[in-house]
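Chemist: Here are the chains, one letter per residue:
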Amino acid sequence: MSAYSITEPSKRVKWIAGILVITYALVTIVPILWIFATGFKTPPDSISYPPKVIFQPSLEGYVNLFTTRTRLAQEDLDALPPPRTWYEAIVRNRNMVIAGPSRFGERFVNSVIIGFGSTFLSIFLGTLAAYGFSRFKVPLKDDLLFFILSTRMMPPVAVAIPIFLMYRQLGLSDTHLGMILLYTAVNISLAVWLLKGFIDEIPREYEEAALIDGYTRFQAFMKVVLPQAATGIASTAIFCLIFSWNEYAFAVLLTSGTAQTAPPFIPTIIGVGGLDWPAVAAAASIFLLPVMIFTILLRKHLLRGITFGAVRK
Amino acid sequence: MAEIVLNGITKAFGADIAIRDMCLTIPDGAFVALLGPTGAGKTTTLRLISGLEAPDMGDIFIDGRNVVGDTPAQRNVAMVFQQYSLYPHLTVRQNLEFPLKSPILKTSPADIRRKVDEVATVLQITHKLDSKSTELSGGEMQRVSIGRALVRDPEIYLMDEPLSSLDAKLRADLRVELKRIQADLGATLLYVTHDQIEAMTMATHVGVLDKGHLVQFGSPREIYENPVSEYVATRLGLPRINILPADLLGTPPANAKTVGLRPENIDQMSPGNKAEVQTGTTETTVKRVEHLGDQTRLHLDCCGHAVTTLTNAHTALATGDTLHIRPRNPLYFDTDGNRISGGVAP
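Chains R and E are the protein sequences, given in the same order.
For the first sequence, the numbering used here gives the first residue as 510, with consecutive numbering after it.
For the second sequence, the numbering used here gives the first residue as 698, with consecutive numbering after it.
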């Protein structure tokens, strides 16, 4: 009989846990894999039934995503010189020619500017506010904190009309600044509350030691508090980015041209030349990447245990 | 390097008064040990001098300059915290460099290296310089924490129980080392401790605090031999002073309620010698004998009161034996615990 340990789980428990984790991972990852796969299918493959798991990969979806195309009559096509590039060849197979680039690139850049801009602003303001709430005597502190949290209790869309009118008056409609401000306003309550929790966990002794070591409070904040709050800042930043990156309702309402983000743009692809699922899947794949990369880059901070070990508890 | 004067300092946290009207002059170059139970205001005193707390009333002078209102950085003090407070995101070397790199000191890189290596050698942490501060043991953390104060050249060192979590040998080494450093630098050092050996061996002055009051301030011997109250008498001494009803042994002065007898101030009459068993002695029973090696402690029963005393390391006394004792230099205290003057025999 093998030794029995209270703290170590038994082999059987480990197996069950492993199977559960793998099952859950599959359930969540299959739709994402399906999107990536669909992006590399041809339009007929993408709607074939039964669905094709093994297929001949094609870049048609990506070509369609980044271009606008015109259908030509056979005789006009025959009159054209042979295609000069691989992507022209793909388009030519469908009896079309490339008319110009699509607006997906601009929309994607808009998403990056607005998503990362509002995340940065939320974290910047949120960290300062959270530090203030955590360390200083603020009159009516609890009421203020509750007020900040309460902005999150109402569904943002409930104030869509007033915001729409206000933005039109202020000239913020369809501008990058307008969207950054809006997403920051929504995210800041989350940022303040999460970051306050993280900063509360950092013992004051560190700042006091830095004050005695000859630093000002602001320098102590920069050199001692910020590095230790990195874990909290990273996870808060991911939450803020995911919200502003995926936000759809306000983006539809407030942006149409210059500042339109990717989420309201992607559904419009479907209308161009029938049900172009590979192009939609290609757009979704590209759209997923930044948040994925951002999360992977910061995962060290997310996973790292809390390093508050140097103060005797 | 600097004289510290506290003048009528009062500090309250909400309804709790931590320090009550404290007046204290710490001479330049003194090594002061602050004694007192938890909550007596020792740490608060250090924090007030360092500038981490502002007094509600009173003035603090460092080197003749009123520092109330100055930031900790402007006061040029170094502090060792009871919780070591090493910066967890930095290595040991970076922790030691931290004060030297402050905008106030702006030390040159060569000097930083030299000073850090010097201090690391003294504290025996050279082999740990490149470790993360979170990877250290408690004793190592505490040494780094002391090191962070020593790399600087401040006017005042403040130390909050810096040796409390070290093992006995290191503690003894560092006790000597700290005293040597303090003497070499001629620095003024305030030191909070519970340990009577630390207070007696290192300090030039001892301050005893009780509920925010400074009850007595003087040399360690003065505090030990001439305490102003029963409270002060019980702060120093190991084994602790015996506090007994005043009339238990001999005749007390009027209005004395209790008598304090240091364990070493109890004379023992050799049991066989009838001539020595005379008036002025009291018969006791030995309850327990503790052989400590260099000395032996006797726990006696004296008319129902426990009395502890010291005796010869190789004593033949055993539990149940009868022993006659006679007090020497008794300290008498009145009902309020205050010392009755004149009660001390030379």
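In case anyone wonders, no lab produced these hints; they're calculated from the structure.
Honestly, I wouldn't trust all of these hints.
To be verified - Cβ-Cβ distance ranges computed for the label pairs, FRET-style: (1) E/761 / R/709: 25 to 33 Å; (2) R/709 / E/736: 19 to 27 Å; (3) R/633 / E/736: 36 to 44 Å; (4) R/776 / E/801: 54 to 62 Å; (5) R/755 / E/814: 49 to 57 Å; (6) E/805 / R/757: 53 to 61 Å; (7) E/805 / R/801: 31 to 39 Å; (8) R/755 / E/711: 52 to 60 Å; (9) R/739 / E/891: 34 to 42 Å; (10) R/739 / E/864: 44 to 52 Å; (11) R/534 / E/865: 32 to 40 Å.
Even glycine gets a Cβ: it sits at the ideal position worked out from N, Cα and C.
Chemist: Does the structure break any of the earlier hints, and which numbers would those be?
Modeler: Checked against the structure, the hints that fail are numbers 1, 7, 8, 10, 11, while the rest are satisfied.
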